[in-house]
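Please model the entire structure based on the sequences and the hints provided.
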Amino acid sequence: MADIEWDFDLSHPDLLANNITPLFPLTEKTDQADHGTAVAGLIMGKKKDGKGITGLAYKLDMFYAISELSSGRIEAIIASKQKLHAGDIVLYEMQTVCEHHAYVPADYEMHIWEATRTLTEAGIIVIMAAGNGG
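In terms of the UniProt record's numbering, the sequence shown opens at residue 1 and continues consecutively.
Don't take every hint at face value.
Think about it this way: if two alpha-carbon atoms lie no more than 25 Å apart in a straight line, the pair counts; the simulated DSS-like pairs of lysine-lysine are [claimed, not checked]:
| hint | residue 1 | residue 2 |
| --- | --- | --- |
| 1 | Lys59 | Lys46 |
| 2 | Lys59 | Lys48 |
| 3 | Lys81 | Lys47 |
| 4 | Lys59 | Lys81 |
| 5 | Lys59 | Lys47 |
These aren't lab readings, by the way, just hints derived from the structure by calculation.
Below, the structure is given as structure tokens:
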């Protein structure tokens, strides 16, 4: 599985014991890492000494943390395709703004749609945010 986010803090105690691999350098200490860290915890978190969270899929063989801040969107999508196989999942925590100034899914932009299509044609399951903020 892969998650494309702004950033992650993989030094979080709930994430230390898991198979989480960043595909690009992470800045980790920015305020942009909160969301990625929380999502990674919901998926891969593992309690330590009875404290913390147990993620929904903490026994995954591998979780790729892909920072959109470090790589850019297209590069992040390409990196996920290079690591994942048919039946694997990539989570897009990305959105964009349409002509009506509303948030919409990232694949509203044609270059993201095309890149996403290459994933789905390879049998990779894409889950994406529907657009935050209204």
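Now for the hints, and whether the structure bears them out:
1. Lys59 <-> Lys46: Roughly 9 Å separates the two Cα atoms, so the pair holds.
2. Lys59 <-> Lys48: Given pair Lys59, Lys48 holds - Cα atoms ~15 Å apart, limit 25 Å.
3. Lys81 <-> Lys47: Not satisfied, since the Cα-Cα distance of roughly 30 Å exceeds 25 Å.
4. Lys59 <-> Lys81: OK: Lys59 and Lys81 at ~21 Å, within 25 Å.
5. Lys59 <-> Lys47: The given pair, whose Cα atoms are some 12 Å apart, holds under the 25 Å limit.
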